[in-house]
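Q: Chains A and B supply the protein sequences, listed in that same order.
So in my numbering, spot 323 of the first sequence is number 323, and the numbers just go up one at a time.
Remember, my numbering sits 1000 above the position in the second sequence when you count from 1.
By construction, these hints were calculated from the structure, which means they are not laboratory data.
Note that CB positions come from ideal geometry on N, CA and C, so glycine has one too.
Each hint should be verified, as a subset may be incorrect.
[Claimed, not checked] Just a few of them, taken from the derived set where beta-carbon distance is under 7 Å, the chain A residues facing chain B: (1) TYR27; (2) PRO79; (3) GLY393; (4) ASN395.
[Claimed, not checked] Label-pair distances were calculated between CB atoms; the ranges are: (5) B:VAL1115 <-> A:PRO79: 46 to 56 Å; (6) B:VAL1115 <-> A:LYS339: 50 to 60 Å; (7) A:LYS339 <-> B:GLU1013: 44 to 54 Å; (8) A:GLY292 <-> B:PRO1091: 20 to 30 Å; (9) A:ALA60 <-> B:GLU1069: 32 to 42 Å; (10) B:PRO1091 <-> A:ILE58: 37 to 47 Å.
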Amino acid sequence: MSDSIYASQYREFARGAGRTAPDWLAYLRQCSLERFEALGFPTRKNEDWHFTSVAPIIEAAYPRRSTPGGDVAADDLAPFTFGASDWPTIVFVNGVFAPALSSLGALPEGVRVYDLASAVRDNDPLVERHLSKVAPYELHAFTALNSMFVNDGAVVRIATEFEVERPIHILFVSDALAAKTQTNPRTLIVAERHSKATVIESYVSTGEASYFTNAVTEVVLEDGANLSHLKIQRESPRAFHVGTIEAEQKRDSHYQSFSFSTGASLARTNVYTTLDGDGAGATLNGLYMLDGEQHCDHQTRIEHAQPNCFSRELYKGVLDGASHGVFNGKVYVHPIAQKTDGKQTNNVLLLSERAQVDTKPQLEIFADDVKCTHGATVGRIDQTALFYMKSRGINNDLARRLLTYAFAAEVLETIEVEAVRQELERATLQRFTGIEVSAPS
Amino acid sequence: MLEIKNLHASAGEKPILRGISLTVNAGEVHAVMGPNGSGKSTLAQVLAGHPAYEVTAGEVLYEGENLLELDPEVRAQKGVFLAFQYPVEIPGVSNAYFLRSAYNELRKARGEDEVDPLDFLDVMEQKLQLVHMSDDMLQRSVNTGFSGGEKKRNEILQMAVLDPKLAILDETDSGLDIDALRVVAEGVNAMRRADNATIVVTHYQRLLNHIVPDFVHVLAGGKIVRSGGKELALELEAKGYEGIGNRELGIGNRE
């Protein structure tokens, strides 16, 4: 195994771009390599990957992108910036920080947004303290793969007791030059005590190239922190996307995650959080909409490690064509996590006979005084509602599309940032109705 | 306007309508009454084209055209409107968007231009007053979280916006308190014209104090067993369906 294509790329990387790394980082990369080589890519025998084959990623064997560069102009980003010109935005093109496209000039006091590569160069203690601590490389091959090449990405820090009104946007763009390469963006978000912020993490493409994004995001919520974290995955239709988000929550913190996933031919998003302080709460919502041969897998894991925590989860999927959706929601309640209050829902709407879904709630409860529920529905368009709309003169096709939109909109409504909600509603409405208007209001 | 001839319909294997004949002319209000299970709601839904029912015999002519061959949306576009007994909740679609889509579909079918959201608001203003609704109802999802009375008023609001030639009210009075009933009835009465017609399906005579019918038909066992003027409703109220059924109609020993 020691001579996989990734091992040889690692050696090349360690001699080249990775050469100047401080010892702790060089060590992390080396350990990650060894771990990755030992784990290998997951197969479907692995319970966590039972419904998703990563064979296309293995066969493609896209090498790590070694030369920076891209052909993205500021205007190309307009479709992805939610019409908000005054949000702090950090842009990466093909995995590499693009200062000219970023707008970090007028950051509010108490907020720092910067690129990981310079943070490492500058010996930023925040990075050394947290990197790989929340998302350890030991357990997951893709996290190990990311960690052995960890080099660039975003760092966001919200200082104690600061409330940031404007969302912070981390935008990873791939263009035609990303074709047949792999990028390993790494993001670290630290919300210090009693801070409040919204961070949007977008993975988008200006072209239709096939490439592989293997992203890892680590999120730290200190006591009383409130973080709204939106992940928008609109990769190229031929891309592979594996993205892992791991959060660690301390006492009374609230983590609100939303995963919007419509892109890529093969996508896997992991959202893991550990409620590691009394009274913490997590709200994990998401919407995936697939067509054609797309495959999209969400795995969430909420670990209730302390008492009096709550978790809420609502994922919706709309599957058309011969697409395949997977949802696996794990809730793990530790023995000491009494008074846990957990609720999980996954609703899927199948628009075609050939679309397929696997949904699997997994509750493992080791405390005795808890309230945990889960529910999953898989259905087709509600015939009663369809008849109701038709009886008002709305034709069958439009009625079906509106009902599909309505199904999706119910979870989009939970997005608090209005500009993002409106843009995703617009994109959703347009997808299902072909109507290029603002969302129905 | 509407001619129903020997209409038979069933839900699955179960026959429900067993030979209904009824003629409704422009300018008329017909009340269809009957006990539970008599088929009166089925009649309303068959006329609107509900897919759960299969017409097994008979015909329905609407303005000389075979109504049963038309899709539900085409019926609506040609002026047929059913106020649902149980209005459907559609979370995620605003009332305003829903009404405007329906309104524009009807306009398109008539070869007219669609109206934009702002002009549509003007259309809505007076219609809302008719049913005593405030415009924040427009921003809420269709019927979602509405009270029983709000749902029924929303049906009448839709009716007012779509201005049908033939309106069928399916137990619109059920579950309404007297104030809500009055609002609904006033709305319906305000829309009565010489060139439209209304079929009021109801279990109770009460509604007919407010919407005064020209004709009353009593349904039992899927057939019209008696027709008369508005005084027939009062007789039913006095004697009850069983009273009339047992002595005059032989419906007491129905399944």
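Q: Look at each hint and say if it fits the structure.
A: Hints and how they fare:
no., hint, result
1, TYR27, "violated (51 Å)"
2, PRO79, "violated (24 Å)"
3, GLY393, "holds (4 Å)"
4, ASN395, "holds (5 Å)"
5, B:VAL1115 <-> A:PRO79: 46 to 56 Å, "violated (30 Å)"
6, B:VAL1115 <-> A:LYS339: 50 to 60 Å, "holds (55 Å)"
7, A:LYS339 <-> B:GLU1013: 44 to 54 Å, "holds (53 Å)"
8, A:GLY292 <-> B:PRO1091: 20 to 30 Å, "holds (28 Å)"
9, A:ALA60 <-> B:GLU1069: 32 to 42 Å, "violated (54 Å)"
10, B:PRO1091 <-> A:ILE58: 37 to 47 Å, "holds (42 Å)"
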